[in-house]
Amino acid sequence: MKTIHWFKPLILLILVAYPAMCVVWPMPQMMSTTSTVLTINSKKFTFQSSSKSDILHQAFERYMNISFIPLGKQIQPQLSESFNVTASSGSLTSLKVNVHSSKEELNLDSVENYTLTVTAKGATLDADEVWGALRGRLETFSQLVEPTESGMFQINETKVIDFPRFKHRGMLVDTARHFLDMEVLYEHIDAMAYNKYNVFHWHIVDDESFPYDSKVLPEVTAKGSFNPKTHVYTADDITKIIKYCRYRGLRVIPEFDTPGHTRCWGRSKPNLLTKCYTGFLPNGKTGPINPIFPENYEFMKTLLSEVHKRFTDKYIHLGGDEVLLNCWKSNPDVRNWMVEKGLGNNISLLESYYESRLLGIASNLGYDYIIWQSVVDNNVKVMPSTVVNVYKGGFPAELDRVTKRNFTTILSSCWYLDIYAYGPDWKRYYSCEPFSFNGTQKQYDLIIGGESCIWTEYVDDTNLISRVWPRASGTAERLWSAKNVNSIALATPRIHDFRCKILIRRGIRAEPVTGPGFCEYEFGM
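Read in order, the letters of the sequence shown correspond to residues -22 to -1, 1 to 503 in mature numbering (1 follows the signal peptide of the UniProt record, and there is no 0).
Everything labelled a hint here was simulated from the structure, so no lab data went into it.
Bear in mind that the values here come from a model prediction, so they are computed numbers and not experimental data.
Even for Gly, the Cβ is constructed at its ideal location relative to N, Cα and C.
Treat the hints loosely; a few may be bogus.
As the list claims (entries may be wrong) - Label pairs and their in silico Cβ distance ranges:
1) Ser414 with His35: 37 to 45 Å
2) Pro362 with Met8: 52 to 60 Å
3) Glu489 with Lys207: 28 to 36 Å
Stated by the list, open to error - Derived pair list, reagent style EDC-like, types lysine to aspartate or glutamate, alpha-carbon separation capped at 16 Å:
4) Lys201 with Glu186
5) Lys81 with Asp159
6) Lys382 with Asp423
7) Lys221 with Asp355
8) Lys218 with Asp104
9) Lys253 with Asp214
10) Lys74 with Asp104
11) Lys370 with Asp403
12) Lys201 with Asp215
13) Lys292 with Glu82
14) Lys370 with Asp346
15) Lys247 with Asp185
16) Lys221 with Asp311
17) Lys21 with Asp32
18) Lys405 with Glu489
19) Lys193 with Asp159
20) Lys218 with Asp185
21) Lys292 with Glu83
22) Lys137 with Asp104
23) Lys461 with Glu489
24) Lys292 with Asp438
25) Lys287 with Asp346
26) Lys81 with Asp104
27) Lys207 with Asp159
28) Lys287 with Asp215
29) Lys30 with Glu82
30) Lys461 with Asp396
31) Lys420 with Asp378
Between the sequences and the hints, there should be enough to build the whole structure, so can you do that?
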């Protein structure tokens, strides 16, 4: 029996030895595999567990469908001689799943580790919580299963010990620049789960549109959305997205970015936004939320109170980036108010005033919060528990600076998927290393993960999936796998394999990223 063991994964060796075997993406922390092949009859195979978890049992049903996809009309895989010489050494009839805790709270500290063992004697998966079972039994196991020409399936003897490198592995999806249909979002969430992402960061509103269907502020939705009848997410839609994500191990964190990025909000609230001036006269433009009017804080309290009832996660993203401070400076009423309040002409103190009141509203509602780094860059005073989302260029220096101030940090800078380049630009995302600055261990510990971001100025239902996948798979492996899993040369055949054998076969319209070639499982075949 030929056996390969790896702790610093040697994927090239596996591809040479067993080129037809599915390679797991993202790379597990520890894995060993042998040339022993076990046959699976999908009609007789079962998932077994004493757990009563509805999350787990619904996943059993879901993964029975996507783990055992027959070849059908797809191009037959060309099995190498080294793979074929080993005849089946037995059959695998079940996978026993042991979940050691009934805890099903989904949060930043949810446990996702698992151990998967597949031998001729049987297959077992052990996980502390149901979330580890989703990552291991469901996703990793299903990626290891291969169809055969006979209509049966096969899997190599394998041992996997796995856990994520970072707790927070998110994807920002912007639904304000272009409205995204629910079915497209579901497909995207499926792809996130296949890549072991665990946070759906919903950038639901922005300057261009307000597709959040508010019942307490209906006029904002009516005048701020592209179309209040067709281009809004209702309370029921939000509940469905949260449930769909939860059953796949993903949290949903909404973002309501203020005081900037609110232009469409002002269509229904004349005094909500600041009037910008040129010289002594208004120039017809509006800027950020006007921080001098008490009613604007009541507006934010009303909105966030409703958001808190609809979204279940402890965290909310409150934005705070790209505030047009010059508009505030230009407005004589704002300047006079600042003098009256003892702020002088220090505009950063005005921003601090707004943010402190906003964050106070969020805290009183029971929220923990995330903000874009602009807020702390402008020396706004925030709570020590604030999570800072780094998005600016030169991210190593930015991470160093933010973590030196003892802020818990999320990185997004190098994972903007809307920045599109000809060729295999997934390599850029794959090569982005959060620890690429000379920091202390304490600083590194403050980096809890990162997020890919898909801004949708030039993205809608027609191209969201192909624009994101499998480019975002590079980010997924960086956030899940060990730091030393970083070879572009080794990752290139693997990401091609993952796209073809997993994403395409499961109906995800992922674009080619490794140049000319073909899939043994072409989309739609």
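Here's how the hints hold up against the structure:
1. Range check, Ser414 to His35: Cβ separation about 42 Å, and the 37 to 45 Å hint holds.
2. For Pro362 and Met8, the hinted distance range of 52 to 60 Å is not satisfied, since their beta carbons lie about 36 Å from each other.
3. Range check, Glu489 to Lys207: Cβ separation about 33 Å, and the 28 to 36 Å hint holds.
4. At most 16 Å may separate the alpha-carbon atoms for a hinted pair to count; Lys201 and Glu186 meet this at roughly 11 Å.
5. With a CA separation close to 33 Å, the supplied pair Lys81 and Asp159 exceeds the 16 Å bound.
6. The hinted pair formed by Lys382 and Asp423 meets the criterion: a straight-line CA distance of about 11 Å does not exceed 16 Å.
7. Restraint check for Lys221 and Asp355: the C-alpha separation of about 36 Å exceeds 16 Å, so the hint is violated.
8. Pair hint Lys218 plus Asp104 does not hold up; C-alpha atoms about 29 Å apart against a cutoff of 16 Å.
9. Only pairs whose Cα atoms come within 16 Å are accepted, and Lys253 paired with Asp214 is rejected, the gap being roughly 36 Å.
10. For a cut-off of 16 Å, the pair hint linking Lys74 to Asp104 stands: about 9 Å separates their Cα positions.
11. Simply put, Lys370 and Asp403 have alpha-carbon atoms about 19 Å apart, too far for the 16 Å limit, and the pair is violated.
12. For the hint linking Lys201 to Asp215, the alpha-carbon distance of about 20 Å lies beyond 16 Å, and the restraint is violated.
13. The hinted pair formed by Lys292 and Glu82 meets the criterion: a straight-line CA distance of about 15 Å does not exceed 16 Å.
14. Pair hint Lys370 plus Asp346 does not hold up; C-alpha atoms about 23 Å apart against a cutoff of 16 Å.
15. The straight-line distance between the Cα atoms of Lys247 and Asp185 is roughly 14 Å, inside the 16 Å bound, and the hint therefore holds.
16. Only pairs whose Cα atoms come within 16 Å are accepted, and Lys221 paired with Asp311 is rejected, the gap being roughly 46 Å.
17. With a C-alpha separation of about 22 Å, the suggested pairing of Lys21 with Asp32 is violated against the 16 Å cut-off.
18. Pair hint Lys405 plus Glu489 holds up; C-alpha atoms about 14 Å apart against a cutoff of 16 Å.
19. Straight-line distance between C-alpha atoms of Lys193 and Asp159 comes to about 21 Å, which puts the hinted pair past the 16 Å bound.
20. Pair hint Lys218 plus Asp185 does not hold up; C-alpha atoms about 25 Å apart against a cutoff of 16 Å.
21. This hinted pair checks out: Lys292 and Glu83 have alpha carbons roughly 11 Å apart, not beyond 16 Å.
22. A distance of roughly 12 Å separates the Cα atoms of Lys137 and Asp104; the hinted pair therefore holds under the 16 Å criterion.
23. With a CA separation close to 26 Å, the supplied pair Lys461 and Glu489 exceeds the 16 Å bound.
24. For a cut-off of 16 Å, the pair hint linking Lys292 to Asp438 is broken: about 29 Å separates their Cα positions.
25. A threshold of 16 Å between alpha carbons decides the hint, and for Lys287 with Asp346 the separation of about 15 Å falls inside it, so the pair holds.
26. Restraint check for Lys81 and Asp104: satisfied, since their Cα atoms lie roughly 15 Å apart, inside the 16 Å limit.
27. Proximity of Lys207 to Asp159 is assessed by CA-CA distance (about 13 Å); at most 16 Å being required, the pair is judged to hold.
28. Only pairs whose Cα atoms come within 16 Å are accepted, and Lys287 paired with Asp215 is accepted, the gap being roughly 14 Å.
29. At most 16 Å may separate the alpha-carbon atoms for a hinted pair to count; Lys30 and Glu82 meet this at roughly 11 Å.
30. For the proposed pair Lys461 and Asp396, the alpha carbon gap of about 25 Å is over 16 Å, so the pair is violated.
31. Using a Cα cut-off of 16 Å, the hinted pair Lys420 and Asp378 holds, with the two alpha carbons roughly 11 Å apart.
In summary, the structure is inconsistent with hints 2, 5, 7, 8, 9, 11, 12, 14, 16, 17, 19, 20, 23, 24, 30 from the numbered list given earlier, while agreeing with the others.
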